[in-house]
Amino acid sequence: MEMNHHSNSIQNFKVKSYEVKNSRGGLKVPVVNEVHLHSMYDPVKEAKTFMSKYETSFESKNKVLVFGLGYAYHIYELCKILERNHGGNYQVVVIEPNEQVYRDCIKYNLFPNKNIKVFSGFDLERVYAERDLIDFLISKPAIISHPASFELYRTYFEKFMKYAAPTGIADITKYIESKELRSYLYSDSNARSIDHYLRDNVLTKEKLNSSHDHLLLAYSHLSNGEF
Amino acid sequence: MKTSPTNILFINLKRYGDIFNMAHTIKAYKQDNPESKISVLVFKEFVKAANAINHIDEVFTIDREQILTFKKNQIFSDGLALNLFENEIHQLKRDTHWDIVFNYSNDRVSTHITSLLKEHSTKHMGIRFNSYCNVEYSNEWALLFNDVLTDLKYSPVSFVDTYNQIATTELKDEGIPLKTKEEYNKTTHLNFSEIRRMEEGECEIKIIGVQVSASSNYKMIPRSELIALIDELYMTPEYFPVLLGAPTERDREIINDINSEFNNSLVSIEADFIALSSVLLNLDALVTPDTSVKHVADLLKVPTVEISLGESPLFKQGTMNLKSVIVTPHISLRSFKKKEVEGSRELKDLNYKIKYTDIISALQYIMGEISDFSNEKISHDVTIYQPHTDGIGRYLMPIAGDFNEKIELERLCARALIHYKTTNKDDLTLLDKISTFDSSLLSNWIEHQKNAITDTSRDLLATLRGIIQLTNEKSSINNFLQALAVLFERCDDASDFIKIPAIRFRSRLEALNTSDLSASAKEVEGLLYEYKSDIQFQVEVIKTLQERMRKNTTTRTRNTSRPGAHDGTIARGL
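Just so you know, the sequences run in chain order A and B.
Quick note: the first sequence uses numbering that gives the first Met the number 0, first residue 0, plus one each step.
Quick note: the second sequence uses numbering that gives the first Met the number 0, first residue 0, plus one each step.
Keep in mind that the hints were calculated from the coordinates and are not lab data.
Warning: the hint list may mix true and false statements.
[Claimed, not checked] Facing chain B, a subset of chain A residues (Cβ under 7 angstroms, in silico):
#: 1; residue: 137
#: 2; residue: 163
#: 3; residue: 164
#: 4; residue: 175
#: 5; residue: 177
#: 6; residue: 193
#: 7; residue: 197
#: 8; residue: 200
#: 9; residue: 213
#: 10; residue: 214
#: 11; residue: 217
#: 12; residue: 220
For glycine and all other residues, C-beta sits at the position ideal for the given N, C-alpha and C.
Next up, chain B with everything else stripped away, as it sits in the complex:
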């Protein structure tokens, strides 16, 4: 019988959105292990988010702001900063033995903290350093998260699923993982009921929350489009827009500015995180460009139109709610690196691509008023994605607008590979969806991959030969290293499908506790055989994809009424 761990510490040194995102894993873990005591370590400035999550028994904090005040101001001794940090870390060691320390945020600080808690814990999840400062992965997903996903622009798996897989749990739909206050729930319900009663005519009123702000201006819906969106909602009899903002001066100004365009007739709500949950639970749908608010809505399963802008990584941290959609500028135009976005006018201005009409169409779709986008005109260079489910979690599929089939094909096949690698079987539903892509594109892609796999296999065999024939002679070492360097070139391959096993191999090699490859020849040989198995997985995925394509073609031939090949713009669900 499985013994459930009793004492688990989640270390999450990120911001509000990521702390809320952690609630998915905490909820799932708690449902699998109801006896567990769950503690979290967060920065003090974001403690409000941790306090709003259910199932957390104890919150530890690091007062980063104070540490930085001590450190940056020369009048204070660095000893004050170090002492404060030590005292806070000491709390994690005092009278406590952790069954599990989960390095959730996976940054350098959290990894060293996870490492220093080694003596005070039974095991870790995610990564930590060993005594040689090499990385110790808790499982395959920890490696994927730390080394592979960081190298891919279009992540084939979401962070929530990755965290869940690291914690050996899975997304749970039942249960509300956030705390709410009964008085807030009651007040919001009464106020919203009053709105519905007053506004209701012949049709039932749907209250739509519109989050007016985001963390940066370039992540916000442009003012003109926001006003047009609200105007459209306002003029549609069955919709009632409500403006949402945080209790900050900035949001207050934005709300007042927009409201002044409507003779101050709009309803607006300022809510902190606890009150926000009560507000969101009473909405019929939400439109938000703000990722923190999106994460909260996701946890509460509020149907949401997520506006993904700036560097927000939609494939890593986009909505997990099957009832929600994401509206984004064409992903090939976007960068998911903050510095790149901040330094480029062009990237910042991508928010102007999304028109209010796109948001309205997306809203009608999630409200069930339209079943597809066949009669909707989505703006040029805008895509709408929706989450789907497979054996390893949730992934996004384009359901409307412009999209690049080659990018999607690469991303989804990379996912199929990860699926095969981690579950040892194909996901036929996903491969079926991929097989409906343009057939000539698919054939070309498959041909290209086959060639790349043949080349990689040849290079791999050369490297294996090199390690088997390795002696102390310089020429033998050089031969092996040259073969290895050629193999490493695959880490920079243009195809993510080809890259993934190569990056995995490189990471495993780097994590070996050795500085002398010839002394670790056996271990290196083992890793090369693992790489060979990964190549076999690639072959299997391609083989199954080809089978599904053939099956698809047969079905199409039989059923001539089915729409033909995709031209890169879709107006119908895949």
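Excised from the complex, chain A in its bound form:
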């Protein structure tokens, strides 16, 4: 049995203990804060049973977001179902808050295959800053939760689902590729939102002397459905 104690507090979740046990059949099982993330009897059978109820759901969906990696026994079964339905044309994204679990999953060669991407870490803003994750979420994937992980990190996953991206101009500019537009927005980097920026910096102007004024107005009308 390996044991690795963490005392560091990460955001609201405290990893008080982390250990890796062996199941009856000798398969590795992570135990976080004394919660076993997989069955100690037969993690593979448990994963098969868990995923079998999704068998028909993935006939039309080839993108799946999974809350909780653990040691990926359920992910392995999920990939088998997706392969049956879509060949190699599928994509799985896993959100695993505990980076140590993710690292060990790889270390023990339990990470299934190439069509899987894991976003790990307790800092949601950092997770949401990942462009690949954004692109994946836009594609409206199916969502499933690994029950043991979800229960353990319930607050984290709930926050993930209810996450509200910061609206301030300082945060917004992080996503702007155009140097000129960034510099235009920096003129009021304290503005609370694009709407506030417009109100205080564009609509009050006597003359619209920058093409970005029109760009921002066009964007505002478009995104607010005002034609």
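Starting from the known structure of chain A, arrange chain B on it as the hints suggest.
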């Protein structure tokens, strides 16, 4: 020698129907300027329509759906939405100088995009904002389109003509402005030839396409009438009905439902926009309540019975094809505002006014089987219109059914005024047609207009006096503003003929780059003199109309066999 512009961008942020409608102007512009490179900017979700239009060299898109997904979902930063939009707009500026940017859709977004491209373009067509956010009109038609037509319930000019006039071109009948696929053309032709061969008896078979659906249920032909229409077509030996629908679950269900009433014996066709062109080109005629399909048929010059329902604005976007007709519930009963229609059971139920017999009569007319509607019984509160041509484009005339002469008179005289204003001459053909309206109605209308013109002239002179005598004194400013307010009341006049110059004057005044009227007294005075000229145009139109009426009366006296005054219901072409 005229130098032809080489690089033109059409910005059209509307839906399928409007994108197809743009093909009229693109075709006409390309024929006038064959060397031009034509690009369009459309929303990504409607790109299929743009891809189906001939003569377009490059299509730019804005992914509105994705921008709205970013914007509406709080998990995504608004920065993602703004960045995506900026990237898409940046494509329009990169390595490109536009000779012309045509703000085709004329909405707020397209107007700001046209404005931000100012530094990257030589000129614009339509409207854009100047640095003070006032509107800059490219010509008289741009003003008419943006400010006048939006205020009139029964538009005197069609949008296609207005777009063409903004682009300083005119409708061209020759040429097919839509792409077709040779394999689709061939397959459709073979299939339709087979139908004709199998069905042909003693008479030649005419294949009639019937579009089963429209964008909203209240714009559709009611099920019972649709079945009766198809049954009638089915039972008429020389007709062969074909059901048309889009490749969607909804249309499939409608087609299956109707087909089940005929023991699944009907031929039905599911077609996307490219395939639709091939299908329509092989039809003898089309019946459609769907405006997108109507626009495609119009571009292909397929004789069509357009069923105009819901908020579909028949005078703005009705058929331009001289071989087609429009069947509509009486226009005085209709609203052309979507929100009003959606909120009113009565307006939604207007589709029940049109009976299958009206559609059959209209079909027989466009097929040349009847030359007029004298022996046809058109349902109460239903009108059939047909496009006619004059010097500024196409306009609709009622040719059968119930219609309100006063509304038509107002609409057509407003058109005559626009004709005079934009060409500096009368359109005698149009005024001749107007002069055949009920003579007492015409006389009353003319009398009313004369009085209104006299009143407006008096108010205008008072305003002119006000501006000439304008000083920095408060009382002088107040006098002028009061006179101006009285003049502005004409913008709400019940008569479109009186309203049009007033709205035009107000728009031009609002577009002045000033917040201080007294500082711009000279410009305001100039606009007042323009208004005075417009009043003179009104006088000229009325004078010519009176002359045509007199001529008409003389002809009638000489030829007593000609039918008398109209009673508001016609069964004979005007």
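So, going through the hints one by one against the coordinates:
Because the beta carbon of residue 137 (chain A) sits about 6 angstroms from the nearest beta carbon in chain B, less than 7 angstroms, this interface hint is met. Contact between residue 163 (chain A) and chain B, as hinted, is supported at the beta carbon level, the nearest pair being about 4 angstroms apart and thus within 7 angstroms. A least Cβ separation of about 4 angstroms between residue 164 (chain A) and chain B falls short of the 7 angstroms threshold, and the interface hint therefore holds. With a least beta-carbon distance of about 5 angstroms to chain B, the hint placing residue 175 (chain A) at the interface is held under the 7 angstroms criterion.
With a cut of 7 angstroms, the hint placing residue 177 (chain A) at the interface with chain B holds, because the nearest CB-to-CB distance is about 5 angstroms. Given the 7 angstroms rule on beta carbons, the hint for residue 193 (chain A) holds: about 6 angstroms separates it from the nearest Cβ of chain B. Interface hint status for residue 197 (chain A): violated, as the beta-carbon distance to the closest one in chain B is roughly 11 angstroms, over 7 angstroms. This hint is violated: residue 200 (chain A) has a C-beta 14 angstroms from the nearest C-beta of chain B, more than the 7 angstroms allowed.
Among the interface hints, the one on residue 213 (chain A) holds; its C-beta lies about 4 angstroms from the nearest C-beta in chain B, closer than the 7 angstroms criterion. Using the Cβ-Cβ criterion of 7 angstroms, the hint placing residue 214 (chain A) at the interface with chain B is satisfied: the shortest such distance is roughly 5 angstroms. A least Cβ separation of about 4 angstroms between residue 217 (chain A) and chain B falls short of the 7 angstroms threshold, and the interface hint therefore holds. Annotation: interface hint on residue 220 (chain A) holds; nearest CB of chain B at approximately 4 angstroms, less than 7 angstroms.
The structure fails to meet hints 7, 8 from the earlier list, while all remaining hints are met.
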